[in-house]
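Chemist: Based on the sequences and whatever the hints tell you, model everything.
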Amino acid sequence: MGEPVSLSLVRTFFEAHRSRDVARIAPLLADDVEWVMPGPVGVYPFCGYRRGKPAVLRYVCQEVPGLVDVIRSDVEHVVIDGDTVGALSRIAAVQRGTGRTIAYSCAYFAQFGDGRLTSLHGVTDSFSIAEQVLARRIDAFGVPDLEAKDDGLVQL
Amino acid sequence: MNRVTPVIETAHQASGRAIPAWLRRFYEAFLLRDERELDAVLDERVDWLLEGPAEQFDHYGRRHGKRAVIELITRIMPCYYQPAAFSLDCLLIQGDASHGNVATRIRMRARQRDTGRALSLRSAQFIRFKGGLLTWFRAVPETFDAIEQMVGRSIDVSRAIETGPTVPRDLSLAPDGGAVDDER
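Residue numbers (my numbering), protein chains in the order written: chain A, 1 to 156; chain B, 1 to 184.
Any given hint might turn out to be false.
[Claimed, not checked] Straight-line C-alpha distance at most 25 Å; calculated DMTMM-like pairs for lysine to aspartate or glutamate:
hint, chain 1, residue 1, chain 2, residue 2
1, B, K130, A, E15
2, B, K66, B, E35
3, B, K66, B, D39
4, B, K130, A, E76
5, B, K66, A, E76
6, B, K130, B, D156
7, B, K130, B, E37
8, B, K66, B, E44
9, B, K130, B, D34
Everything labelled a hint here was simulated from the structure, so no lab data went into it.
Modeler: What follows is the structure in structure tokens.
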């Protein structure tokens, strides 16, 4: 493990992340930062793998705000150990286009070096997110009950 | 009770950190579904939440109290799978058993009861210990992947995706005024 991360840096990072402000976030990212969010990319474009400061800035400051308006992002639990922090967040966001609100928990494991984020691994209840994004229950056991319209999209 | 020897291992990022005995005891009791050990490590009023679609898989959801959590681990979860091993990709610890907080990114290897299929279930776990007992447990599983493994097929929701607004491509993100690489 590297140099211990301070609680103040952790706070600064999460506040900057919440702001979606490039000028606040950029100094806190390592050049080769990794951002990993497992999940169904096709349903929830937040998921996937980003590497490098430009890609992560684009993700945090453009791609996410382009899809949702995050109205709450509360870090409810934090564990700091050495250079890494584990955080449990509760997030509420309004989906642009539909106006639907989605709420979910997200766990972050963020590693820092020289005062900057070097990697972040997220874990979410991605099934719940998918149901909320689609505004319908997904029957895990049944035959997919998606009723295709003429244009191939489902009536939401 | 499961008689299989529990496997608890640390991987990559967690490799510098030994699993303390008080945490290992909980994980072993979990894997072995050992009621006596679970009774010894869980607080009487433990607050437990495994996030996920509880209306379809009843091992997900909230449990209050030791009895309910022991029933979950020893009787309800085994209806779905038999846990065999934990692999901790990341293990963070503040404090100790007397007053400790734990965060783990963990993979549980298990065998599905009905099909015998091997499962590898990822989650993040946040655990609090007080007075040597586990008092609070929150797990955020990567549920879409877990459920696809449990039902044995991919869940195709692609036709239901509503195309959202595209990300503007002309916004400069470079705080220093430099160009931003378009990696897409």
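Chemist: All hints are to be evaluated individually against the structure, with a verdict given for each.
Modeler: Outcome of the hint check:
1. B/K130 <-> A/E15: 30 Å, violated
2. B/K66 <-> B/E35: 10 Å, holds
3. B/K66 <-> B/D39: With Cα atoms ~7 Å apart, B/K66 and B/D39 stay inside 25 Å; holds.
4. B/K130 <-> A/E76: 18 Å, holds
5. B/K66 <-> A/E76: Within the cut-off at roughly 23 Å; holds.
6. B/K130 <-> B/D156: Distance of about 44 Å is beyond 25 Å: violated.
7. B/K130 <-> B/E37: The hint holds at about 17 Å.
8. B/K66 <-> B/E44: Since the Cα atoms of B/K66 and B/E44 sit roughly 5 Å apart, the hinted pair holds (cutoff 25 Å).
9. B/K130 <-> B/D34: 21 Å, holds
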